[in-house]
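**Q** Fit chain B to the given chain A structure using the hints.
There are 2 protein chains.
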Amino acid sequence: MNHNRIADNQFVQVTPFKTRRIVHTDKLMMAVWDFSDGPWSTPEPYHSHPHDQVVYLSEGGVDFFIEDESFRLGPGDMIAVPGNRPHTIRLLTPTVRLIDTWTPLREEFL
Amino acid sequence: MNHNRIADNQFVQVTPFKTRRIVHTDKLMMAVWDFSDGPWSTPEPYHSHPHDQVVYLSEGGVDFFIEDESFRLGPGDMIAVPGNRPHTIRLLTPTVRLIDTWTPLREEFL
Chain A
1 MNHNRIADNQ FVQVTPFKTR RIVHTDKLMM AVWDFSDGPW STPEPYHSHP
51 HDQVVYLSEG GVDFFIEDES FRLGPGDMIA VPGNRPHTIR LLTPTVRLID
101 TWTPLREEFL
Chain B
1 MNHNRIADNQ FVQVTPFKTR RIVHTDKLMM AVWDFSDGPW STPEPYHSHP
51 HDQVVYLSEG GVDFFIEDES FRLGPGDMIA VPGNRPHTIR LLTPTVRLID
101 TWTPLREEFL
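Residue numbers (our numbering), protein chains in the order written: chain A, 1 to 110; chain B, 1 to 110.
Calculated cross-link-like contacts (lysine to any residue; reagent style SDA-like; alpha-carbon spacing at most 20 Å):
1) A:Lys27 - B:Glu107
2) A:Lys27 - A:Arg106
3) B:Lys18 - B:Asp37
4) B:Lys27 - A:Arg85
5) A:Lys27 - B:Asp100
6) A:Lys27 - A:Pro82
7) B:Lys18 - B:Arg90
8) A:Lys27 - B:His49
9) A:Lys27 - B:Pro82
10) A:Lys18 - B:Gly76
11) A:Lys18 - A:Pro45
12) A:Lys27 - B:Pro86
13) A:Lys27 - B:Pro50
14) B:Lys27 - A:Pro86
15) A:Lys27 - B:Ile66
Since the hints were made in silico from the structure, they are not lab data.
Looking at chain A on its own, in the form it has when it is part of the complex:
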């Protein structure tokens, strides 16, 4: 039994209410985000990046915004965000776990 790849998780306490764990290959990155300061009255500011992204909502609820569209996500929902599309979220529940995946790697997270 070997836990190296699991222990390779790169854990970061991003804010007092937001943590990130990262695992990746050379071309593919996954992050587990845990939020604990919901619900939010307003979304985060929009952001955009050239990386393609697909999201899985593991726990809680969010409104997911892509440009002028909005999608209400619950546990088990997925959503795809092609590169260079401005997007953001608003937490609907006290805690939320989001799984983000990107290609290529988000180098700023390494």
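**A** Coordinates of chain B only, in the frame set by chain A:
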């Protein structure tokens, strides 16, 4: 409110005990696998593909095998599988939900 991207989930009843939902961009694919026939006494046969893969275990437990290494995964664990590395799983619990992501797309799932 618009649910198009969520409704784009491509649901397949793969076997009576295994379902798949897929969402993807042009370069990135995510699948939610739900298994209901665990635990298994033996792993599935190994398989391999050139696509990079990262896995998130959402519910249940599995042993994840990559070549001659084995990793025991529980809820919240991730594991990375570079392309062309033979890998397989063995279910440890009656039900399991695995989130698989790949780049490039697994065209055979479209």
